[in-house]
Amino acid sequence: MVALENQEIRDIRAALIADPDVGAGNALVKVIEHGAALDGPGITFDTDVDGHLAWEPLTLGMLRDRVAARASWLHSQGVGPRDPVAVYATSSADILLNFMALTWLGAIPALMNGAIPGDIAAGYIQRLRGTGVLTDAAHRELLRGQGLDLPVYDAAEAGTGDPERAPAHYRHHPDDPVAITHSSGTTRVPAAVAHSHSSIFAAIRRLHLESARSAERTLCVMPAAHAAGIISTQLALCNRHEHLFLSTQGGRFARSGAAVLDAIERWRPTGVYGFAVTWSELARHDLAQRDLSSVRMWFNTGDCAHEAHVRPLVAAGSHLEYSREQGATLVPGSKFIDGIGSSEMGHSGFRIAHTPTSDRYGRCVGKPYDFADIVLFDTEDGTEVPVGKVGQVGMKSPTLAVGYWNDSVSTCRTRYRGYYLTGDLMYRDDDGYYYHVDRLVDAVDLGDGNWLYTAMSEERILARCPDVRDCTIVAGTVDAAVVTDVFLMLTPGADAGADHGDAIREALGEPAAATLRRIVIAADDDDDIVVGPTGKVRKFLMRQRHLAGIGAP
Amino acid sequence: MTASTDSIRRFIFSSLREMNYDTTDIDDDSQLGPRGADLASLALVELALRVEEEFNVKFSEEEAEELAGKTVGEFCTIVAARQPAAGATVE
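Chains A and B, in that order, are what the protein sequence lines are.
First residue of the first sequence: 1, per the working numbering; consecutive thereafter.
First residue of the second sequence: 1, per the working numbering; consecutive thereafter.
Hints listed in this document are in silico derivations from the structure and should not be mistaken for laboratory results.
Hints are supplied without guarantee of correctness; some may be wrong.
Claimed, not checked - A few chain B residues that face chain A, going by a derived Cβ cut-off under 10 Å, partial list only:
{"hint": "1", "residue": "Ala40"}
{"hint": "2", "residue": "Leu49"}
{"hint": "3", "residue": "Ala64"}
What the hints assert, rightly or not - Each computed DMTMM-like pair below joins lysine to aspartate or glutamate, with the alpha-carbon atoms no more than 20 Å apart:
{"hint": "4", "chain 1": "A", "residue 1": "Lys367", "chain 2": "B", "residue 2": "Glu63"}
{"hint": "5", "chain 1": "B", "residue 1": "Lys70", "chain 2": "A", "residue 2": "Asp370"}
{"hint": "6", "chain 1": "B", "residue 1": "Lys70", "chain 2": "A", "residue 2": "Asp445"}
{"hint": "7", "chain 1": "A", "residue 1": "Lys389", "chain 2": "A", "residue 2": "Asp445"}
{"hint": "8", "chain 1": "A", "residue 1": "Lys367", "chain 2": "B", "residue 2": "Glu66"}
{"hint": "9", "chain 1": "A", "residue 1": "Lys367", "chain 2": "B", "residue 2": "Asp25"}
{"hint": "10", "chain 1": "A", "residue 1": "Lys367", "chain 2": "B", "residue 2": "Asp27"}
Just so you know, even glycine gets a beta-carbon here, dropped at the ideal spot from N, CA and C.
Extracted from the complex, chain A is given alone in its bound form (with noise of 0.2 Å):
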């Protein structure tokens, strides 16, 4: 690969902010449309890509070659414009691939996480009711008896296709549908979340390709079969950095922590996306023993991070300061942007930096981007509730996802006067900040007025209990009255038989701690932590196996 010239990027960059016609659909070709050079960066996987050895980096000519495959053999196989076609794979390749190469032909990839057992998976194929399914051999596998009556097309045999023979690239339309996500199941069972061809680049177009240019070398940690996964992946291509997609974590998700740092060690990357998950995973870990001074930045999405895990991310890594007599240096300690967003949110909608000597906390999620309009609105009477009072979040945004996919109840219920409902329970200060106190299916009212807010409660575990690396509440009700059980994972090496019931009462503060029934040490992989195939906690999932399973303690 060549290194790019400096005008090069900032042309590509000026000719994609003109072009309306790009958009999630064809990033790739437009990229290519607008000069970039076919030496210059593609996209690198840690898996072999039809004969290309992992860690290679793919050029963007090979990339191209790789998706044109593909198409030509999905094409050859009868999919075509409009067709639903689900892709269940473990590899961002054949994911990320596929996912290209089915826009390519005007179809709508599904992408489904690899971690979604094979039963849901089914089920959750049906309701989209598409034409076909594009999978590796583990999940074929999965998948076989479940009833499914549709093509299955392989993964591996995809990328034999002739990439001389692909049609031409279908034309998307700004409204086209270009994709099918899912919500990573926290508190129920995936959403299928439909994105057009600008909604899912909105974001790309109004921010990323505004922002000051920069040589990037990116590593995503993120499974790819996201809304983050798509984002990443075209902001990289369209800005020219050298970008690595991980989809070998060490196995299951949650336990990828070792993976992602002997990632960092090997590809040197400036910027790290993630998701909250991961750094909880590398709260783990000792990261002054790790070789991290390569990162600038860390970038999360989905939940919001807590401060016990933002610390030793920003203590790691460099950046650059300045003086009369050193000129400019790389000195420790690195940013961390934390941007909380779901599928249906299209992108991240709120923004803030953490750094080494930052101090904004306490599940502060900074400001909205200029592009989202918030509004906080009453859970009672749905009106905008004033600063300082915790209100449900709407969103307008362009990046917003257009529905939910063959589910127009849904659809219409989390609308609200023009605004989607992100389902966030958040209030804002004087200055404009936002703080996310709770999802709203998570906060459990205890009358008079006073809620217990499950985030923001373990926020305050987190902060004053040092040996727990991360915890999980989960508040229900049981006979009648509300009863609270507090699971909390230790750093390595801490006292299981440590008492922690004063903190934590003091973190939940009254009344809530008085509903306090039970804490648990859970073990590493112990099962009463529910977790779903992002990793993320299933709430809803414990709240049934742990309140109305058990009743009395």
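Got chain A; can you put chain B on it based on the hints?
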């Protein structure tokens, strides 16, 4: 002692030249980011740090990140306004 907008502008231009940027086509109306001078993100950070040290001012994280959308003239005005109030000026 505070610096005038002119002296701030001169410092910005000399800094950019030291940082190997061609300032020929840059004026007060040029944005610092991709729609104008097209400073790379690290260069923007360095410029902000140089200005902070030279004029004894401080930018918040948010301000530093928004510099790409500011023009040279706007940046000068921000720096001038940020300085401690004093009677004398450099000019």
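Hints, verified against the model:
The interface hint given for B/Ala40 is met, as the beta carbon of that residue sits about 5 Å from the closest beta carbon of chain A, less than 10 Å. At about 4 Å, the closest approach between the beta carbon of B/Leu49 and any beta carbon in chain A falls short of 10 Å, and the interface hint on this residue holds. Because the smallest distance between the Cβ of B/Ala64 and any Cβ of chain A comes to about 9 Å, under 10 Å, the interface hint for this residue holds. The straight-line distance between the Cα atoms of A/Lys367 and B/Glu63 is roughly 13 Å, inside the 20 Å bound, and the hint therefore holds.
Of the pairs offered as hints, the one joining B/Lys70 and A/Asp370 holds, with about 15 Å between alpha carbons and a cut-off of 20 Å not exceeded. Proposed proximity of B/Lys70 and A/Asp445 is contradicted: the alpha carbons are some 46 Å apart, above 20 Å. Restraint check: the Cα-Cα separation between A/Lys389 and A/Asp445 comes to about 15 Å, which is no more than 20 Å; the hinted pair holds. The hinted pair formed by A/Lys367 and B/Glu66 meets the criterion: a straight-line CA distance of about 13 Å does not exceed 20 Å.
This hinted pair does not check out: A/Lys367 and B/Asp25 have alpha carbons roughly 35 Å apart, beyond 20 Å. Between the alpha carbons of A/Lys367 and B/Asp27 the distance comes to roughly 31 Å, so the proposed pair goes past 20 Å and is violated.
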